[in-house]
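Each chain, letter by letter, is given below.
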Amino acid sequence: EDQVTQSPEALRLQEGESSSLNCSYTVSGLRGLFWYRQDPGKGPEFLFTLYSAGEEKEKERLKATLTKKESFLHITAPKPEDSATYLCAVQTISGTYKYIFGTGTRLKVLA
Amino acid sequence: ETGVTQTPRHLVMGMTNKKSLKCEQHLGHNAMYWYKQSAKKPLELMFVYSLEERVENNSVPSRFSPECPNSSHLFLHLHTLQPEDSALYLCASSRTGGGFTEAFFGQGTRLTVV
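Note that the protein sequences, when read in sequence, are chains U and Y. Using my numbering, the letters of the first sequence correspond one by one to residues 16 to 126. Using my numbering, the letters of the second sequence correspond one by one to residues 23 to 136.
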């Protein structure tokens, strides 16, 4: 069964304290892996798409990487405005319309 | 204009009411989705429309009825809901075919069933 697991469930960081969020996946064939940011009461905001192992994408303080079993979202020198829930999702080769989501990591960055 | 717009943002309805959620996308996408998001659960796919035809229906109770009149608009008609249907309902759209597969979401409708 296709599955996505995110860890940790919650993370508290001091401002400037870099860390990484993990998304491990088990799928029959990966079409793409997606990272989203979600603020409370709002819809997920698209961040990155990764297609193949070894690929990396960067945006401001965020960097996403992909291996054959997992993806990491690295947050460098985070600021309080980076506080949000970060969601990981995968799309399989056989599921054009199916995005399988993890339960997310709730990140809190303290000033 | 934002890419995917949902209305209303908040909705409180009684169990005997009938209401509709609306979604509009301005991204030129050809697939649209309804997701349900409950606390501490992954997003649950409810319905998918591609080129205005329903292609996925994930065992959703009949009290939820989707409608897709064209590739830019999607509705979710609600009737005789239960309190456990209270959740954040999210609309999304994507392009199928070509190299871009990411889905873009609206801001959601927070539904409370009383």
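Among the hints, erroneous ones may be present.
Some chain Y residues near chain U, calculated using beta-carbon distances under 10 Å [said to hold, decoys possible]:
hint: 1; residue: D107
hint: 2; residue: C113
hint: 3; residue: G128
Derived pair list, reagent style DMTMM-like, types lysine to aspartate or glutamate, alpha-carbon separation capped at 25 Å [to be verified]:
hint: 4; chain 1: Y; residue 1: K62; chain 2: U; residue 2: D17
hint: 5; chain 1: U; residue 1: K113; chain 2: Y; residue 2: E124
hint: 6; chain 1: Y; residue 1: K58; chain 2: U; residue 2: E32
Read the hints as simulated data drawn from the structure, not as lab findings. Just so you know, these numbers come straight off a predicted model, no measurement behind them. Beta carbons: idealized from backbone N, C-alpha and C, even for Gly.
Which numbered hints fail: Violated: hints 1, 6.
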